[in-house]
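Chemist: Work out the full structure, taking the sequences as your base and the hints as a guide.
Protein chains in written order, with this note's numbering: chain A, 1 to 141; chain B, 1 to 141; chain C, 1 to 141.
Simulated from the structure, these hints should not be mistaken for lab results.
For glycine and all other residues, C-beta sits at the position ideal for the given N, C-alpha and C.
Just to be clear, a hint being listed does not mean it is correct.
Partial chain C-side listing against chain A, Cβ under 8 angstroms, derived [unchecked claim]:
#: 1; residue: 81
#: 2; residue: 92
#: 3; residue: 95
#: 4; residue: 106
#: 5; residue: 110
#: 6; residue: 116
#: 7; residue: 138
Below 35 angstroms or equal to it, Euclidean Cα-Cα: the simulated DSBU-like pairs (lysine-lysine) are [said to hold, decoys possible]:
#: 8; chain 1: C; residue 1: 73; chain 2: B; residue 2: 77
#: 9; chain 1: A; residue 1: 77; chain 2: B; residue 2: 77
#: 10; chain 1: B; residue 1: 77; chain 2: C; residue 2: 77
To spell it out: a stretch of chain A is covered by chain C in this simulated footprint if at least three of its residues, at any positions, have a beta carbon under 8 angstroms from a beta carbon of chain C; those stretches are [as the list claims (entries may be wrong)]:
#: 11; region: 47-61
#: 12; region: 70-83
#: 13; region: 104-110
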Amino acid sequence: MTYGYQNLGSGLYQFHVGTTSHTEMIDMTEQIQKIVSDSGVLEGTCLVYIPHTTAAVTINENADENVQVDFMKEINKIVPWEDNYQHAEGNVAAHLKASMMGFSETLIIHGGSLVLGTWQGIYFLEYDGARRRTVYVKISG
Amino acid sequence: MTYGYQNLGSGLYQFHVGTTSHTEMIDMTEQIQKIVSDSGVLEGTCLVYIPHTTAAVTINENADENVQVDFMKEINKIVPWEDNYQHAEGNVAAHLKASMMGFSETLIIHGGSLVLGTWQGIYFLEYDGARRRTVYVKISG
Amino acid sequence: MTYGYQNLGSGLYQFHVGTTSHTEMIDMTEQIQKIVSDSGVLEGTCLVYIPHTTAAVTINENADENVQVDFMKEINKIVPWEDNYQHAEGNVAAHLKASMMGFSETLIIHGGSLVLGTWQGIYFLEYDGARRRTVYVKISG
Chain A
1 MTYGYQNLGS GLYQFHVGTT SHTEMIDMTE QIQKIVSDSG VLEGTCLVYI PHTTAAVTIN
61 ENADENVQVD FMKEINKIVP WEDNYQHAEG NVAAHLKASM MGFSETLIIH GGSLVLGTWQ
121 GIYFLEYDGA RRRTVYVKIS G
Chain B
1 MTYGYQNLGS GLYQFHVGTT SHTEMIDMTE QIQKIVSDSG VLEGTCLVYI PHTTAAVTIN
61 ENADENVQVD FMKEINKIVP WEDNYQHAEG NVAAHLKASM MGFSETLIIH GGSLVLGTWQ
121 GIYFLEYDGA RRRTVYVKIS G
Chain C
1 MTYGYQNLGS GLYQFHVGTT SHTEMIDMTE QIQKIVSDSG VLEGTCLVYI PHTTAAVTIN
61 ENADENVQVD FMKEINKIVP WEDNYQHAEG NVAAHLKASM MGFSETLIIH GGSLVLGTWQ
121 GIYFLEYDGA RRRTVYVKIS G
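Modeler: Structure follows, in structure tokens:
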């Protein structure tokens, strides 16, 4: 699924993701590969950066969707939503899960394409949705 | 809070952080932005690298300080300090927490500034202090 | 331990790791440093990328091997192998642990060498072995 994107110049691009539930994994692989292709860069790196504190990026299996269901269920169990947190907004678990997964992922571009393993997809991780989110992609090459 | 830094040449900088307790989060955003500004690089990337095995770097909310308190309390609960570890030094939990958070963070530089979300700050994570720690910043552009 | 590697051109290299048990940590520091040296790059960055979904990369202590034993035992406890997962293949825990540790690590090259802390080694993390695995190294400078 691609959403369209903005070219901000100097190899920097942004696009938006609309999440539809509180916890959600969205496959961004096609969208990011399209930006890489359009950039014309054949050899280099592609940085995916999430400018939020309760959403993250990771790599995961793109074959069986049950992996995604189990993945999110288990991390929600490891970091419980309620645990006498002091933060008034009540979303501390989302902050911690995002930090555990990470806000950036650096990928390799070779021959104009992302170097990904057979089963690898690039996923947006929503931990405090539904919201409209931004993703930055920085191509260097 | 800025501490002063050393310019090691070729876009590489280092600065030191003095942690004052066993577990601590320290906001490095201002220090890193100052290095980016002084480097004169307008478009590129900024790699923050922690050369330790019991300290890490992450992004977190810079508004409510309770997020930081809850964040550290919860990760300490998930990875208990005592758990019949074999490592004589007794700080295995610190090693694991550092790996879960990560030793590097790559940020985007656009128009001479770090591209950060509204609520994002860059944090040094101390898991086995108090100690004098080093942070490397590598600017590419 | 070095395994030999292939130079794919444009600063991209790959090598293989043969894991011998289900859960395993393998020190890749020497192999990666050899690639950096052979590349001839004196100043830049070195991206280590794992093209799998049940293996990862991290930094860890290279002194006491008990750290590695405790490290893997504790993460296996935090993310249990059996937990009524829906994914038929039964390796969801491996997917989650790999995402928690991360699929890439960006290192600094200075004076032709990796900038690592005194106790830092670069480790391949196997969570669903034994298998033959691939590691990519991208040198930019």
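Chemist: For every hint, state whether the structure bears it out.
Modeler: These are the hints, each one checked on the structure:
Hint status for residue 81 of chain C: violated, given a least beta-carbon distance of 11 angstroms to chain A, over 8 angstroms. Because the smallest distance between the Cβ of residue 92 of chain C and any Cβ of chain A comes to about 4 angstroms, under 8 angstroms, the interface hint for this residue holds. Hint on residue 95 of chain C holds. Least Cβ distance to chain A is approximately 6 angstroms, under the 8 angstroms limit. The criterion of a C-beta within 8 angstroms of any C-beta in chain A is met by residue 106 of chain C, whose closest approach is roughly 6 angstroms, and the hint holds.
Taking 8 angstroms as the C-beta contact cut-off toward chain A, the hint placing residue 110 of chain C at the interface is violated, the least distance being around 19 angstroms. The restraint placing residue 116 of chain C at the interface with chain A is violated, with a minimum CB-CB distance near 18 angstroms, outside the 8 angstroms limit. Interface restraint check: residue 138 of chain C against chain A, minimum CB-CB distance 5 angstroms, threshold 8 angstroms, status holds. A C-alpha spacing of about 16 angstroms is found between residue 73 of chain C and residue 77 of chain B, which places the hinted pair at or below 35 angstroms, so the restraint holds.
Pair hint residue 77 of chain A plus residue 77 of chain B holds up; C-alpha atoms about 13 angstroms apart against a cutoff of 35 angstroms. For the proposed pair residue 77 of chain B and residue 77 of chain C, the alpha carbon gap of about 13 angstroms is at most 35 angstroms, so the pair holds. Only residues whose beta carbon comes within less than 8 angstroms of a beta carbon in chain C count, and the region 47-61 of chain A has 4; three or more means the coverage holds. Interface restraint, the region 70-83 of chain A with chain C: holds (6 residues with C-beta to C-beta distance below 8 angstroms; minimum three).
Given as covered by chain C, the region 104-110 of chain A passes the check, having 5 residues with a CB less than 8 angstroms from a CB of that chain where 3 are the minimum.
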